[in-house]
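Same order as they appear, the protein sequences are chains A and B. The C-terminal residue of the first sequence carries number 282 in numbering that gives the first Met the number 0, and the numbering is unbroken. The C-terminal residue of the second sequence carries number 361 in numbering that gives the first Met the number 0, and the numbering is unbroken.
Keep in mind that the hints were calculated from the coordinates and are not lab data. All C-beta atoms, glycine included, are put in the ideal place defined by N, C-alpha and C. Honestly, I wouldn't trust all of these hints.
Now the in silico label distances, taken between C-beta atoms and shown as ranges [said to hold, decoys possible]:
| hint | chain 1 | residue 1 | chain 2 | residue 2 | range |
| --- | --- | --- | --- | --- | --- |
| 1 | A | 137 | B | 65 | 52 to 58 Å |
| 2 | B | 88 | A | 256 | 25 to 31 Å |
| 3 | B | 88 | A | 239 | 19 to 25 Å |
| 4 | B | 244 | A | 120 | 28 to 34 Å |
| 5 | B | 57 | A | 64 | 37 to 43 Å |
| 6 | B | 112 | A | 256 | 24 to 30 Å |
| 7 | B | 67 | A | 120 | 25 to 31 Å |
| 8 | A | 136 | B | 104 | 31 to 37 Å |
| 9 | A | 79 | B | 88 | 37 to 43 Å |
| 10 | B | 104 | A | 37 | 53 to 59 Å |
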Amino acid sequence: MPAAPDVPPAETTTETAAATDALEARIGDLRAAVRRAIANGDRQAARVLRSELRQAEEAWDEAVLGSGGPAHDVRRPLVPVRDQVHQALTLLGAPAAPKLIGSVYAAFFPGDIPGSRLTSLRRDEERSFRTAPYARPFYLCPALTADLLSPARGLLAVSTWPQAQRIVGPLSARADFLTAAIRVAEQAGRGPDGSGVQRLLWRFAANIPGATAGTVGTVDPAVLAEAARAELDVHRDADRHQRERAAERALAQLDDAGRLFGSRLHALRRTGSGNATDGENTR
Amino acid sequence: MTHDSALERLRGGAEPRNHDARTIAALTANPGCARRGIMDAAGVDKDAVARRLGFPAPFGQSQFAITRGNAFEAQVKADGCAELLTLLRDRLGLDVPEVAYDDLEVVAGNESRELRHARTRRLLERALSSGEGTLFDHPLLRLDIAGQPAYLEPDVIAFQLGGRFHIIEIKSFAVIDGQAEPEQVAAAARQSAVYVLALRRLLEELGAPAERVSHEVFLVCPENFSNRPTATPLDVRPQLAVLGRQLARLTRVEQIVGGLPDDLTFELEAEELPDAVRTVEARYAPECMASCEMAFFCRDEARACGGTGVLGKAVRDDLGGVDSIGTALALADGSLDPSPDLAETAERLRTAARLRREALTA
């Protein structure tokens with residue numbers, strides 16, 4: 000930053016020094032406050048303080064290092080992670096594991112989803128919903144298991160989907176895999192054929208009977224979609240039946256948060272009693 | 000009860016160590032070893048004892064091997080076991096509608112073993128009666144080892160291959176050109192046999208015939224130098240027989256305990272720990288190094304007293320009745336007169352010594 004000509008340079012430095020001293024004092028105070036908040040178990044306050052601390056540190060960076068340095072060039076994705084995941088899930092149209100979400104996003108959208116962010120995403124979403132229900136247009140939530148209506152391991156879904164779509168029964172893993180294959184093949188048929196897309200198509204085609212009719216190593220999206228539809232026809236009705244039965248139970252038994260994020264304690268108490276749960280009797 | 004309290008005394012008040020498929024499989028490696036038998040039956044922490052004795056066993060699975068194994072397992076099971084289903088359909092003729100997948104690793108966000116075992120039981124019971132369910136991921140089985148329940152987790156159970164359960168074991172060692180390292184396969188077979196046995200016990204408890212669990216397990220390994228999985232059927236009947244015998248022997252551990260001094264304990268802090276361990280006879284063979292935490296101590300002991308086991312199981316068996324290398328040498332050069340039951344062995348030793356002399360002088 001070039002100094003204004005009518006201000007003596009020495010004064011500028013002392014001013015900056017005073018400002019940075021104040022900033023450093025504030026950073027120190029904020030750090031202590033974050034620590035206190037964590038020690039008191041108040042994570043909400045800690046997060047607020049932490050973001051204030053980050054702002055103060057950025058201001059310090061600016062004051063000491065000057066603006067426009069490479070440090071400010073850290074590539075932030077233009078789209079927040081939750082929107083990235085939402086886009087990929089909307090394309091897939093079925094609950095999916097973070098790994099599949101990542102490769103779908105990388106194949107069809109610009110940029111990558113940073114894997115480390117996905118782990119905390121689900122927790123953040125649930126906390127956000129519980130503090131202010133329905134404040135956001137959509138939430139990313141876990142898929143729920145059909146028998147116990149508890150969060151399924153490592154499967155993400157979108158809150159705006161119908162309840163039955165967010166529930167996974169025993170057949171759903173395969174049915175959703177085939178649904179995803181059809182959706183990905185359709186999307187690939189519309190757009191340009193990158194190497195990422197081909198890899199993704201291959202991942203589906205290799206494990207669906209009759210999907211690899213063409214030349215070795217390449218996948219025709221139309222053939223893949225056709226093969227996936229053929230197998231999906233076998234499973235669809237049974238799977239839908241199980242999911243809808245479970246969805247009815249979820250609507251009848253659970254509150255709003257439970258329908259989105261699953262019931263842990265409820266399910267535990269029920270299994271703890273030793274009786275077969277509804278899900279296991281009605282399946 | 001006295002039996003239980005005796006085992007507790009042997010542990011020196013410590014908590015019994017849990018068995019897993021690896022340690023149970025290792026039991027069958029050297030059934031003749033009383034030291035190992037008694038320590039395992041009592042659930043003594045052999046690793047801690049060996050360290051205390053100054054012979055720490057520097058093994059345990061390598062972190063890299065564990066990571067690789069987990070990554071391969073995750074790959075095979077990704078997308079609703081997509082790769083596994085393809086394999087089972089191609090190789091074993093699994094029907095297309097058979098795709099049900101039940102995840103038993105977590106029950107309603109809870110990983111407690113009792114809960115998981117209860118759920119495993121319930122789902123298998125349902126599968127037995129109605130035929131529902133195809134793949135059961137990480138079921139939790141239980142096997143009683145000398146009165147102590149041990150919890151076991153096979154990688155996957157496949158069901159509905161002609162109405163029988165099959166254990167599927169996912170391993171990350173490569174099968175190259177249809178061949179895999181025999182030692183690795185043998186270890187996998189021993190481990191799978193433990194699962195088969197545990198599953199059979201569970202089915203018997205549920206009132207179904209044990210034969211509904213197949214003795215044929217499927218080993219899923221990377222093929223050649225790729226990451227693509229391949230499935231190989233593995234007949235584990237021999238391992239099952241050995242395991243059954245060995246476990247039956249473990250439950251008769253009272254007899255071994257009965258023959259021991261009343262005040263014997265393997266308490267870690269005790270001064271006389273080395274003497275206590277020596278009181279129980281070991282049966283060292285070089286193979287012990289691969290599976291027993293006490294191996295370094297036993298090897299040192301066997302070398303010190305010139306035990307024939309140091310030279311390998313084959314030599315020890317050939318020299319049946321001759322305990323030490325020194326005795327064998329004395330019999331060979333004729334400086335020791337053999338007792339009548341050793342006459343034959345002595346004769347063969349003398350012949351061997353004569354042949355060796357002739358070969359060296361010629």
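Structure-based check of all given hints:
{"no.": "1", "hint": "137/A / 65/B: 52 to 58 Å", "result": "38 Å, violated"}
{"no.": "2", "hint": "88/B / 256/A: 25 to 31 Å", "result": "40 Å, violated"}
{"no.": "3", "hint": "88/B / 239/A: 19 to 25 Å", "result": "23 Å, holds"}
{"no.": "4", "hint": "244/B / 120/A: 28 to 34 Å", "result": "53 Å, violated"}
{"no.": "5", "hint": "57/B / 64/A: 37 to 43 Å", "result": "49 Å, violated"}
{"no.": "6", "hint": "112/B / 256/A: 24 to 30 Å", "result": "29 Å, holds"}
{"no.": "7", "hint": "67/B / 120/A: 25 to 31 Å", "result": "28 Å, holds"}
{"no.": "8", "hint": "136/A / 104/B: 31 to 37 Å", "result": "33 Å, holds"}
{"no.": "9", "hint": "79/A / 88/B: 37 to 43 Å", "result": "41 Å, holds"}
{"no.": "10", "hint": "104/B / 37/A: 53 to 59 Å", "result": "31 Å, violated"}
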